[in-house]
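Engineer: In case you want the letters, here they are:
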Amino acid sequence: MSISEHTTAAHALTFGQRGFLSRFGPSNRTMFPWVLMAPTLIILFAIGIYPFLYSLYIAGHNVILSKPYIPQYFVGLYQYQAVVQDPEFWHALRKTLLFTVQAVFIEFWLGLGLALLVQRQLQGVAFMRIFILIPMILPPLVAALVWRYMFYPGAGLMTYYVGAVTRALGLGEIPFLSDPVIAFQTLVFVDVWEWTPFMFLMLSAGLASIPRQPYEAAEIDGAGSWRVFWTITMPLLRPAILIAVIIRTMDAFRTYELIVIMTRGGPGNATTTLNVFLTKTGLEFFDASKAAALSLIMMMIIIVMSFVFIRVFRSKTEVAE
Amino acid sequence: MNVIKTTAALAAGLALWTLALPAHAQTEAQKALAGTTIHFLAPSMPQFAALVKFLPEFEQKYGIKVVVDEVPFENYRQKSLVEMQQGTGTYDFFAVDVMWLAEYAAAGFLEPLMPYVKNTDLTDADYDIDDFLPRVISGTGVFNDTLFTIPIGAGPVGTTFRTDVAEKAGFKLPERFSPEFTTQYMFDAAKKVNNPESNMIGFANIPGRWFWGVTYLPYLYAFQTPETKGDEYVDKDWKISINNERTVASIDYFTSFKQFMPSDSANWGIGEATAVYQAGNAFGTWNYQDFIKGFFEDPETQAKVAGKNVHLHTPVGPNGVIDPWFGAWSLGLSKDSKNKEATWTFIQWLTSKDIQARATQYGAGPSRHSTYKSETLAKYQPWWPGVYEFMLKETNPDERIRVPEWAEISDIMGEEGNRVWIGEIDSKTAAANMEKRMTEAMRKGGYYIPGRDDLPKQQWRDLTYYDRLPSTWN
Numbered sequence: 001m002s003i004s005e006h007t008t009a010a011h012a013l014t015f016g017q018r019g020f021l022s023r024f025g026p027s028n029r030t031m032f033p034w035v036l037m038a039p040t041l042i043i044l045f046a047i048g049i050y051p052f053l054y055s056l057y058i059a060g061h062n063v064i065l066s067k068p069y070i071p072q073y074f075v076g077l078y079q080y081q082a083v084v085q086d087p088e089f090w091h092a093l094r095k096t097l098l099f100t101v102q103a104v105f106i107e108f109w110l111g112l113g114l115a116l117l118v119q120r121q122l123q124g125v126a127f128m129r130i131f132i133l134i135p136m137i138l139p140p141l142v143a144a145l146v147w148r149y150m151f152y153p154g155a156g157l158m159t160y161y162v163g164a165v166t167r168a169l170g171l172g173e174i175p176f177l178s179d180p181v182i183a184f185q186t187l188v189f190v191d192v193w194e195w196t197p198f199m200f201l202m203l204s205a206g207l208a209s210i211p212r213q214p215y216e217a218a219e220i221d222g223a224g225s226w227r228v229f230w231t232i233t234m235p236l237l238r239p240a241i242l243i244a245v246i247i248r249t250m251d252a253f254r255t256y257e258l259i260v261i262m263t264r265g266g267p268g269n270a271t272t273t274l275n276v277f278l279t280k281t282g283l284e285f286f287d288a289s290k291a292a293a294l295s296l297i298m299m300m301i302i303i304v305m306s307f308v309f310i311r312v313f314r315s316k317t318e319v320a321e
Numbered sequence: 322m323n324v325i326k327t328t329a330a331l332a333a334g335l336a337l338w339t340l341a342l343p344a345h346a347q348t349e350a351q352k353a354l355a356g357t358t359i360h361f362l363a364p365s366m367p368q369f370a371a372l373v374k375f376l377p378e379f380e381q382k383y384g385i386k387v388v389v390d391e392v393p394f395e396n397y398r399q400k401s402l403v404e405m406q407q408g409t410g411t412y413d414f415f416a417v418d419v420m421w422l423a424e425y426a427a428a429g430f431l432e433p434l435m436p437y438v439k440n441t442d443l444t445d446a447d448y449d450i451d452d453f454l455p456r457v458i459s460g461t462g463v464f465n466d467t468l469f470t471i472p473i474g475a476g477p478v479g480t481t482f483r484t485d486v487a488e489k490a491g492f493k494l495p496e497r498f499s500p501e502f503t504t505q506y507m508f509d510a511a512k513k514v515n516n517p518e519s520n521m522i523g524f525a526n527i528p529g530r531w532f533w534g535v536t537y538l539p540y541l542y543a544f545q546t547p548e549t550k551g552d553e554y555v556d557k558d559w560k561i562s563i564n565n566e567r568t569v570a571s572i573d574y575f576t577s578f579k580q581f582m583p584s585d586s587a588n589w590g591i592g593e594a595t596a597v598y599q600a601g602n603a604f605g606t607w608n609y610q611d612f613i614k615g616f617f618e619d620p621e622t623q624a625k626v627a628g629k630n631v632h633l634h635t636p637v638g639p640n641g642v643i644d645p646w647f648g649a650w651s652l653g654l655s656k657d658s659k660n661k662e663a664t665w666t667f668i669q670w671l672t673s674k675d676i677q678a679r680a681t682q683y684g685a686g687p688s689r690h691s692t693y694k695s696e697t698l699a700k701y702q703p704w705w706p707g708v709y710e711f712m713l714k715e716t717n718p719d720e721r722i723r724v725p726e727w728a729e730i731s732d733i734m735g736e737e738g739n740r741v742w743i744g745e746i747d748s749k750t751a752a753a754n755m756e757k758r759m760t761e762a763m764r765k766g767g768y769y770i771p772g773r774d775d776l777p778k779q780q781w782r783d784l785t786y787y788d789r790l791p792s793t794w795n
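So the protein sequences, as listed, match chains A and L.
For the first sequence, the working numbering gives the first residue as 1, with consecutive numbering after it.
For the second sequence, the working numbering gives the first residue as 322, with consecutive numbering after it.
Isolated chain L (complex conformation):
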């Protein structure tokens, strides 16, 4: 009897002791970093706001203080590049958009992270880098076979519609990824409910010059044929290939939504379109998966629309092609940081299984298998698990070609596309202008130097590159 009692007491004691332990016990190397202050530069976006909520917990546990400087998204790339280029180490780590990784990494502004991942003194034992979705981590953080950043969320671009408005108009919207949701379907549905007199526009599109690199591209992709997939911007020899009838058709389709919108919509960005939708004055609009909770489903701030939405993918094009959009933000350690070990300690803690799953209740998106399967995600953001298979097998990290020239390419598309929207030029002229100006940008980037044989590999032509197990990257 005594033996049983003693064993039971020991078991209870052990259980209590285990519960009292923090989720990750600190190593001696981590304990030595207490008292350090690290600085983080991030854009003002919902997913970063969700992560900032965890800073006090980290500071209390590790004794490392994290100072966050938030910059409006439209100024973020400029600010981060200037800071990196100066090499002062003012910021220890940066938020990195998937489209800027090539620019940052090629310039040597970021520290390779795999040595830190494998450093057991700094990385918690249950970090498990292989828990990240292969295409998410390789598509977000790998450049030239080297891991430079860790993702904090990645997802597709889509569309959000009001189910109640559709029902009132006598139709039911299809499920996400349904082949029924085509470009024609979306246009017809918008036309059916469009009624400006009753303050209901068919679709709040985002034609502002600075947004085409995000909002128009799903349609450029959807209007491809299965044979032209991969040649949206450049051919196999890196020659610009955008001046064709598919681009023209996609611009015409995108600008056809102008008829549903107010006359002062030419500069509408994500903010304007979202505000109109949140006010209950639009049937549909653009979404990015990471924004859904913050922009459309918060009952406190979006009382008119929360709970009345369906979140779909962007529509299937006339040739059956769907946009394999891949958008992601990640954390990159500055090459000039003077606190690299403390910064990595924070990055690995913030991107751990536990924090990633808990952060989803505040709107952060998943990038780990375990997060996708977590109950927290299913409870607070039920629209996410449905895109798991897509992110695992269909998504293409190079849907927008990830070259250092992308910022210029995106700007050219926006300017020429927006000129079509305001009626200054037609879509054929815009496509021709895009080709000419993008060619110049690529020429300046050194792609057409005669005899050059070290051009980057076009990984999007064989996506198995991105399916490698995360721990196998350099």
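In isolation and in its complexed conformation, chain A is listed as follows:
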């Protein structure tokens, strides 16, 4: 291809592009970005906005999927009222918040401790890093099943070995999944086992991004390690902490597989969280409207919680800066 041919081709391409763009004309030019975004917007609408709007519609009616013979009509805010007047909702909300706070609190401090330990570049750290991440790699369903069998009455590994110790101490068997308090704590334990690696990963990344200069300055000033941790590490780690805590809080708030597989909300209703209550309402009693109202209320709670986190962390970060 000669130089002139190249020039002609380039001209044609430029001209062609102009021609294509010119189709939108000065008045239609604002449309072009929308055309480019259209596929994404359509998908977003189909999988995000439409289900949300449909949930709003369902929550405003009286749809019971297993009773299609009941006439459907608009009930206004009745379903929301039915949810908040249901004592089971408040019980489940209390359990959910308790579970979320306990799990995220323990995971955060354990994750941070491990991240700080690994940051010290001790011998065997690379192996330790991989080892720590294993629980997070397992699908939640598999992890829940594994732990369910570990705590299986009379035959599980944990039941057997811990039972041997407690029997030797004269304490008898520990009813891991049969006592209301212990069953709840067992679930928190398994959640901590599974998700501490996530905190570790996020906080490790945060620690790696902190510049060395403040530490060097602190060392020259003779600051102790405790003081360095609270005045340098923690303030500079705040953005990473914010993201990690928000993600884990949202996740812990919606924990489902672990609870359903290990206790199904029992014994009694000791481990019935909002998600378990939601599933029972929607997929066992098929009360789609009440379930939709409940899921929208859950969404609002998560939004409010995230908003509060962001505000608190931002204000603290601004003060630190």
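Honestly, I wouldn't trust all of these hints.
Said to hold, decoys possible - In silico DSS-like links for lysine-lysine, alpha-carbon gap of 30 Å or less:
no.: 1; chain 1: L; residue 1: Lys757; chain 2: A; residue 2: Lys67
no.: 2; chain 1: A; residue 1: Lys67; chain 2: L; residue 2: Lys400
no.: 3; chain 1: L; residue 1: Lys625; chain 2: L; residue 2: Lys700
Treat the hints as calculated values from the structure; they're not laboratory data.
Dock chain L against chain A, hints included.
Structural biologist: Only chain L this time, still in chain A's reference frame:
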């Protein structure tokens, strides 16, 4: 002489030809269905496993392929209702528990079956719908006077005990339905042999939250008086009537077995209790008649207990009342099936006299007169013929009220009852909570709309309704 020879040859030929014929000759309409594939949704349970063994025979004979999707029992209702509600016709037929028929049929998810039964092009001539026990077929498959499903087995709930353990302890267990087997007797016997140090618990009860709708109810019933029978859950005006001293006493009785069980037993379901019994570590446990062969009497998988058991009814209560339990599974044709004729061809073949009798050797239960009287049943499951009269005259298909709200009612009972087991509340509080929450469920179901005059009839107050000849249903 030639005439005799010719006649003998003809007779022999005819006999050979008759033997060579399949049990049921196919009609032209059935032959036209060859090549169809039908889909069946079923729970993973022993009686369905027994029936699945016959699929190759059916496929070979009719050329219709049957694809079975098995789902764990605890997920089955949810999965089946979601499938039915979507109306896609993915599954041509479903296994239907007796307690869910009202929910499925009222919602219009199932196809009425009597037109198919009477269709001689699709139903074999010797199908004989009247061979089914009246209470079994009407109790299992009839809703609003219309036949929606065909039973594959129905039976009572009972208790299973180790005879050798009783003998060692110096007593002999009574026969099934003996008035001697009372609630007090059962508790005393369990107490007598209970010895956790020797790995023998008195009775492996099933207190898990999700099982009370099955395992506790025989005791709720046993603690009634002859006058209160029929009012266990609702009175004649459909008002919930469970908050009373009989319910409280039955919960107290049920939870009294906690003293024999390990401290981690609060979530025990059928699986855990059965496993403990199979391992030889329990004197007694709960049974459902259809599970006996698969759970307790298989020498290959239950070597420690097979052949050492006695299978009794649940005990007689303090006022002489016995639980008229009725449990059953049946096959229902989906309203949205695109292969209704092929599906019915399979259902009628599987529930025919021949297959029903043969299936008993693999653990399937009987629902026909002829099956109860078959030698196969007597040989492989000798504990069945003894309940024939009970299923014919005593059983009550509405022992658990068959209303679309039952799933919620059952869940409420389980949750409140299990809270008593773990010591969170007492039995009086549980009964009061049950009444309050069940009332709300019934209110939501529209039972208390002022002026409503189309509430369903409470058929359990006059069981002759269920004694109609099967062929007379719509």
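Engineer: Determine for every hint whether it applies to the structure shown.
Structural biologist: Hints, one by one, checked against the model:
1. L:Lys757 - A:Lys67: Since the Cα atoms of Lys757 of chain L and Lys67 of chain A sit roughly 22 Å apart, the hinted pair holds (cutoff 30 Å).
2. A:Lys67 - L:Lys400: 16 Å, holds
3. L:Lys625 - L:Lys700: 21 Å, holds
The structure meets every hint from the earlier list without exception.
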